[in-house]
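Sequence lines, in order, name chains A and B. Counting from 1, one number per residue, gives the positions in the first sequence under the numbering used here. Counting from 1, one number per residue, gives the positions in the second sequence under the numbering used here.
No wet-lab data here; the hints were simulated from the structure. Remember, predicted model here, so these are calculated numbers, not experimental data. Keep in mind that the hints are not guaranteed to be accurate.
Over the 12 Å line for every Cβ pair with chain A, so calculated as not near, a few chain B residues [what the hints assert, rightly or not]:
#1 67
#2 68
#3 70
#4 87
#5 89
#6 90
#7 91
#8 100
#9 138
#10 153
#11 207
#12 301
Looking from chain B toward chain A, a few residues come up when the C-beta cut is under 8 Å (computed) [said to hold, decoys possible]:
#13 77
#14 78
#15 98
#16 102
#17 104
#18 105
#19 114
#20 118
#21 121
#22 222
Partial selection, computed: residues in chain B whose CB lies under 10 Å from chain A [as the list claims (entries may be wrong)]:
#23 94
#24 117
#25 176
#26 178
C-beta: ideal position from N, C-alpha, C; glycine also.
Given next are the chains, with one letter for each unit.
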Amino acid sequence: MWSRIYAIFQARNREFLRDRASLSWNLILPVALMFGLSFAFGNDRDAYTVGVLQQAEEIDTSSHPFLETRFINFVAYDDIDTALNKVSRHQLDLLVEFGDEPRYWVNPESPKGYFAEITLLQAGAPASGNLEKQQIQGQAVGYADWLLPGILGMNMMFSCLFGVGYVVVRYRKNGFLKRLRATPLTSFEFIAAQVASRIVLILMITTFIYIGTHVLLGTRMEGSYFTLFLIAIVGAISLVSLGLVVSARVTSEELAGGLLNLINWPMMLLSGVWFSLEGAPEIIRSIANIFPLTHILNSARAVMLDGATLGDVAPSLIALTVMSAIFLAIGARIFRWGAL
Amino acid sequence: MVAMLARQAAFRYSCAMPDALEARNLIKHYPGVRAVDGASFTVREGICFGLLGPNGAGKTTTVEIIEGVTAATSGDVLYYGEIAGKRFREEAGIQFQNTALQDYITVRETIEMFRTLYKRQANFDDLIEQCSLGELLDRDNRKLSGGQRQRLLLAVALVNRPKLIFLDEPTTGLDPQARRNFWDLVQSIRAGGSTILLTTHYMDEAQVLCDEIAIMDSGRIIKQGSPEELLRQQYDGLIIELPLADVTGDLDQIVHTRHENLGIIEITTTDVARSLQELTPLVTDLNHIKIRQPDLEDLFLDLTGHTLRA
Chain A
1 MWSRIYAIFQ ARNREFLRDR ASLSWNLILP VALMFGLSFA FGNDRDAYTV GVLQQAEEID
61 TSSHPFLETR FINFVAYDDI DTALNKVSRH QLDLLVEFGD EPRYWVNPES PKGYFAEITL
121 LQAGAPASGN LEKQQIQGQA VGYADWLLPG ILGMNMMFSC LFGVGYVVVR YRKNGFLKRL
181 RATPLTSFEF IAAQVASRIV LILMITTFIY IGTHVLLGTR MEGSYFTLFL IAIVGAISLV
241 SLGLVVSARV TSEELAGGLL NLINWPMMLL SGVWFSLEGA PEIIRSIANI FPLTHILNSA
301 RAVMLDGATL GDVAPSLIAL TVMSAIFLAI GARIFRWGAL
Chain B
1 MVAMLARQAA FRYSCAMPDA LEARNLIKHY PGVRAVDGAS FTVREGICFG LLGPNGAGKT
61 TTVEIIEGVT AATSGDVLYY GEIAGKRFRE EAGIQFQNTA LQDYITVRET IEMFRTLYKR
121 QANFDDLIEQ CSLGELLDRD NRKLSGGQRQ RLLLAVALVN RPKLIFLDEP TTGLDPQARR
181 NFWDLVQSIR AGGSTILLTT HYMDEAQVLC DEIAIMDSGR IIKQGSPEEL LRQQYDGLII
241 ELPLADVTGD LDQIVHTRHE NLGIIEITTT DVARSLQELT PLVTDLNHIK IRQPDLEDLF
301 LDLTGHTLRA
């Protein structure tokens, strides 16, 4: 019995170790993630988030001692409406402006805002005069409200990438694609069928999850269901297309899994599924914009939490459409039925 | 006997038919390997053509090049005189040696799905009856036996009423009864007028089913013709078989071949009576002697086992 077990164990080890591409991904991916996350969130130990209203991106800490306070994450805003909206939803604990007329905004319903205000006042008056206090009313965006688009987006991402990418590779490996190749079916028809199938399935699943959580948790929905549905369709197409690119030529399920994880994990962590990227380095926020999931989540949250209109989310929809077109073009171009 | 005469008559008729398929100097190189090394042959319309060869001879690669699922390094495939293309895909039916079907899909759904891929479609009920799949229609593909699975794969190959059918080692792994049932099925398809290209390493299968064969070894076609014609060319007379253990004298005076592994000595002769006379004093028991016609197994062994590798 043991000799049989050992024989299988040895054969499996050889198979894995000789598949150098899969092995490389298995080694590189965790290391790359470790470095990436350390860089992105290494300073994410701040207890409070305070907006600073100013034009420049860099915050000038010399303009007020409060800006040198430890454990407060200061984020620059050049648009007062955006910043005030965040204060009203408790996404910012405080908003300050140290200009000619220094002032600050706080939501009296926010516990963290209360403590941030005390800290601000203890830091002293600004050189240009007394701080003017203004109050902003608004209900906090619950964690469930904020998280729901993330969960839906993440589920969509896994389903689209693995549901297409991994399955196509399995079809190729077990010869099913070869069988289809021997019919009049074209590669375009095959790809289109895969995309359509997955989109219909994921929309059904996403709708089901949304209705369930919305009914059970009473999550916030400020915008239009039509716009949200449109975001889901366009987003699903972009993710499925990305899955097709990964699966276009790969014949090893392990390599496909490695490649998909290489895309999945950074996208999941950098697109704002679990936490906001506000305060993260600019380069991280720029990188996040190359992921379809970032645009899906940003636009879905804007519709669900802020009541954004179709026009408001149009830039994200356009970005997703462009990504889909690029991914589909690459996928169709490099697609192979088998080892031709 | 009647079946053989009918087959010979059909073969003579088919000699006047056009070539359904022509492979011209097919070559396929993999790094360090010449899998197919200049294979050329023609298949006349309406016949069952057998591509025979030992494992690794290049049969499957050759057929997959013709089917269009493997790219040749060089060479051409002509279907009714034209480079095989769209028309070929529409009119050819293919049963691969190994084909995975989708899990959780029933026999009915599988056949329907493949039927939908073609303009020419076989009648569903006729197909089910022909392949004896009536009782299996709602069964999950994963739960089919080897024979049932082969019948389903054949049905998939027939969904477009193909003019040309490829069967790549279709009975490998089947029990004897399932093999014979499959042969009946192939004969009924052939009787319907379709051209069949069969690859197999079972010589009895080729002998029963094929009007014409090509023997392949090391990526090359080494013989092509009807089984009867090839046997006539290769052998003059009958074969006497006797166990090596029964031999007590010196056989060198008699022309013979010896199958060492099987412990059998074969003597090819045109005069059985005289050979038996010569053998009588040299063997212990004449009751163990067998006299038979040479068959494709002999031809195959002589050509691929002895002639080429001696």
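Now for the hints, and whether the structure bears them out:
no., hint, in the structure
1, 67, "violated, 6 Å"
2, 68, "violated, 7 Å"
3, 70, "violated, 7 Å"
4, 87, "violated, 10 Å"
5, 89, "violated, 5 Å"
6, 90, "violated, 5 Å"
7, 91, "violated, 10 Å"
8, 100, "violated, 4 Å"
9, 138, "holds, 21 Å"
10, 153, "violated, 9 Å"
11, 207, "holds, 28 Å"
12, 301, "holds, 32 Å"
13, 77, "violated, 13 Å"
14, 78, "violated, 18 Å"
15, 98, "holds, 6 Å"
16, 102, "holds, 7 Å"
17, 104, "violated, 12 Å"
18, 105, "violated, 11 Å"
19, 114, "holds, 7 Å"
20, 118, "holds, 6 Å"
21, 121, "violated, 12 Å"
22, 222, "violated, 28 Å"
23, 94, "holds, 4 Å"
24, 117, "holds, 4 Å"
25, 176, "violated, 27 Å"
26, 178, "violated, 21 Å"
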